[in-house]
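Visitor: As given, the protein sequences belong to chains P and C, one line each in that order.
Those letters in the first sequence? Residues 88 to 293, by the working numbering.
Those letters in the second sequence? Residues 88 to 382, by the working numbering.
Hints may be right or wrong, so weigh each one.
Said to hold, decoys possible - Computed, partial: chain P to chain C, Cβ under 10 Å: (1) Glu159; (2) Val160; (3) Ser167; (4) Leu174; (5) His179; (6) Ile184; (7) Phe188; (8) Glu189; (9) Glu195; (10) Phe200; (11) Glu202; (12) Leu203; (13) Phe226; (14) Gly230; (15) Leu240; (16) Ser241.
To be verified - Over the 10 Å line for every Cβ pair with chain P, so calculated as not near, a few chain C residues: (17) Asp171; (18) Glu192; (19) Ile204; (20) Tyr208; (21) Ala217; (22) Pro237; (23) Pro240; (24) Leu277; (25) Cys294.
If you are wondering where the hints come from, they were derived from the structure by calculation, not from laboratory data.
Idealized CB from N, CA, C, for every residue including glycine.
Spelled out from the first residue to the last, the chains are:
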Amino acid sequence: MIWQNGILLSPGAILPGDLVYQGMRIWDPGRSKVAALCYLHTPDEPPVTGARILYLGAAAGSTVSFLSDYAEVVYAVEFSSRPARDLVRLAHSRSNIIPLFEDARYPERYLPFVELVDVLIQDIAQRDQAEIVIRNLVFLRDGGHLILFLKLLSMGVQKNREEMIENVVQLLGHAGISGIRIINLERYHTGHVAVWGIYCPGQKSD
Amino acid sequence: MAHNQDRKGLRFWYELCDQECIQQNNPSSPSWQEFIEKVRHCRDDLVLLPLPVWEDAVSAGVVSGRPEYLSLVRSLAIGLAIRDLEERCDREEVTLIHLVRILDETDQAVSRLSEKIEDYYMALHPAELAGSDRTIRSLIDTLAKDASHPLSPISKNILRLVESRTVLSKSVREYSEKTLPNMSALCGPLVSARLLAHAGSKRHLACMPAATIQVLGAGPSLFTHLTSGTRPPKHGLLYQYKGVHHTRKRLRGRVSRVLACQLAIAARIDYYRGVRDERFIQTAGMKILRAGEKA
Numbered sequence: 088m089i090w091q092n093g094i095l096l097s098p099g100a101i102l103p104g105d106l107v108y109q110g111m112r113i114w115d116p117g118r119s120k121v122a123a124l125c126y127l128h129t130p131d132e133p134p135v136t137g138a139r140i141l142y143l144g145a146a147a148g149s150t151v152s153f154l155s156d157y158a159e160v161v162y163a164v165e166f167s168s169r170p171a172r173d174l175v176r177l178a179h180s181r182s183n184i185i186p187l188f189e190d191a192r193y194p195e196r197y198l199p200f201v202e203l204v205d206v207l208i209q210d211i212a213q214r215d216q217a218e219i220v221i222r223n224l225v226f227l228r229d230g231g232h233l234i235l236f237l238k239l240l241s242m243g244v245q246k247n248r249e250e251m252i253e254n255v256v257q258l259l260g261h262a263g264i265s266g267i268r269i270i271n272l273e274r275y276h277t278g279h280v281a282v283w284g285i286y287c288p289g290q291k292s293d
Numbered sequence: 088m089a090h091n092q093d094r095k096g097l098r099f100w101y102e103l104c105d106q107e108c109i110q111q112n113n114p115s116s117p118s119w120q121e122f123i124e125k126v127r128h129c130r131d132d133l134v135l136l137p138l139p140v141w142e143d144a145v146s147a148g149v150v151s152g153r154p155e156y157l158s159l160v161r162s163l164a165i166g167l168a169i170r171d172l173e174e175r176c177d178r179e180e181v182t183l184i185h186l187v188r189i190l191d192e193t194d195q196a197v198s199r200l201s202e203k204i205e206d207y208y209m210a211l212h213p214a215e216l217a218g219s220d221r222t223i224r225s226l227i228d229t230l231a232k233d234a235s236h237p238l239s240p241i242s243k244n245i246l247r248l249v250e251s252r253t254v255l256s257k258s259v260r261e262y263s264e265k266t267l268p269n270m271s272a273l274c275g276p277l278v279s280a281r282l283l284a285h286a287g288s289k290r291h292l293a294c295m296p297a298a299t300i301q302v303l304g305a306g307p308s309l310f311t312h313l314t315s316g317t318r319p320p321k322h323g324l325l326y327q328y329k330g331v332h333h334t335r336k337r338l339r340g341r342v343s344r345v346l347a348c349q350l351a352i353a354a355r356i357d358y359y360r361g362v363r364d365e366r367f368i369q370t371a372g373m374k375i376l377r378a379g380e381k382a
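Whole structure, please, built from the sequences with the hints as guidance.
Guide: Here you go:
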């Protein structure tokens with residue numbers, strides 16, 4: 088990925104509203120969780136360059152537009168009609184974004200159109216965010232990366248934070264995700280953590 | 088493909104695509120519209136095979152390579168999304184939601200501008216602070232008439248905005264009485280429309296428990312209650328209904344609770360039946376009235 092003087096840049100065509108540094112789009116960690124992850128975890132970055140990505144919870148597609156600058160193709164799922172309209176408009180102006188107006192809880196609806204991907208990213212603020220990602224693991228190839236952004240507040244206000252994360256890690260472990268790392272995004276996004284693991288369905292462990 | 092024989096009518100999406108489509112690759116052409124409809128049908132009948140592989144599409148002779156495969160799937164996805172977006176929206180409901188949002192935005196704009204103009208006037212005429220009965224409205228009226236005043240054009244515009252606001256609120260009322268007849272009868276068309284706009288759709292509103300309807304629009308105070316244990320909010324948007332804010336403070340919680348319970352039923356009648364139910368309105372109205380009477 089492209090860094091200049093400690094700023095993460097993105098090589099794609101500039102969209103209205105983008106901040107620009109030395110002729111390139113600035114990928115702001117305060118606005119995008121994927122960028123925040125890059126800033127907080129610099130030794131190894133998420134392997135998005137040239138990759139096939141499935142992004143669940145694309146919203147209006149600001150993060151998706153940056154990912155599409157680096158990736159080969161981004162399949163973007165969003166189920167809310169207002170942001171989905173912006174997403175379709177964005178997909179129209181980029182050649183490698185494939186918009187899917189579907190509910191990520193029912194992957195069978197978009198299963199016929201999405202191929203096996205290298206990276207699965209989910210950013211959905213719902214109570215059952217861990218269950219949703221497990222249902223979508225069918226899209227991830229062996230050895231592919233899973234990046235799950237958890238919004239802890241969405242999983243219940245009164246529960247214990249560590250307990251909730253531990254629960255999710257256990258669920259993912261049973262589903263075949265190994266080498267799980269927890270990255271706290273508190274610095275850029277309050278109440279969010281990233282869970283990052285590699286999909287190895289052969290060696291299930293807990 | 089190896090398992091070609093036991094597919095039983097199942098197909099990959101690209102097998103529905105004819106040569107004409109591929110050559111044009113123009114999603115607004117008639118052959119594309121036909122293709123998109125076909126894919127929609129097959130998707131809903133669950134006869135499409137999962138996880139397509141682009142190499143198979145090439146060996147089936149549909150596309151020449153990866154770039155063409157991707158551009159085809161992209162055009163298809165955009166077409167599907169547009170068709171689904173069209174289908175998903177109930178025109179009257181969407182109109183009402185957007186009209187009421189525009190109405191509230193207009194109100195805010197008018198009151199913010201008027202406030203600034205009053206600030207300006209009071210800064211220049213502090214004498215009027217004591218004992219003058221000049222209202223903001225009359226101030227704006229006089230400013231609008233005084234053609235030499237620099238604020239005259241903007242005052243005229245505010246007056247015009249207020250006029251258009253009246254027209255808009257009339258049509259919001261009409262739409263609301265048509266799409267939410269039972270709710271409008273209980274708490275007024277404007278408050279019902281705002282509840283709908285907050286919930287997002289009639290379906291969401293109909294699925295909501297009464298307790299949620301009672302505190303719709305009181306999000307921040309609800310979360311302070313849940314996280315730091317302050318007293319729970321009595322009402323959100325429902326406060327705007329005159330039956331709630333005209334009651335004595337002690338009874339407001341009860342009135343808004345009873346009102347929310349009846350509104351939850353009304354929302355379901357509006358969504359599932361869609362017609363006015365006089366008998367329900369009468370009994371519900373009685374219950375709400377009684378809640379505000381007892382000491």
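Visitor: Hints first: check each against the structure and report whether it holds.
Guide: Cross-check of the supplied hints:
| no. | hint | in the structure |
| --- | --- | --- |
| 1 | Glu159 | 8 Å, holds |
| 2 | Val160 | 6 Å, holds |
| 3 | Ser167 | 9 Å, holds |
| 4 | Leu174 | 8 Å, holds |
| 5 | His179 | 6 Å, holds |
| 6 | Ile184 | 7 Å, holds |
| 7 | Phe188 | 4 Å, holds |
| 8 | Glu189 | 8 Å, holds |
| 9 | Glu195 | 7 Å, holds |
| 10 | Phe200 | 6 Å, holds |
| 11 | Glu202 | 6 Å, holds |
| 12 | Leu203 | 6 Å, holds |
| 13 | Phe226 | 7 Å, holds |
| 14 | Gly230 | 17 Å, violated |
| 15 | Leu240 | 9 Å, holds |
| 16 | Ser241 | 12 Å, violated |
| 17 | Asp171 | 5 Å, violated |
| 18 | Glu192 | 16 Å, holds |
| 19 | Ile204 | 32 Å, holds |
| 20 | Tyr208 | 37 Å, holds |
| 21 | Ala217 | 47 Å, holds |
| 22 | Pro237 | 34 Å, holds |
| 23 | Pro240 | 31 Å, holds |
| 24 | Leu277 | 22 Å, holds |
| 25 | Cys294 | 15 Å, holds |
When held up to the earlier numbered hints, the structure conflicts with 14, 16 and 17 and fits the remainder.
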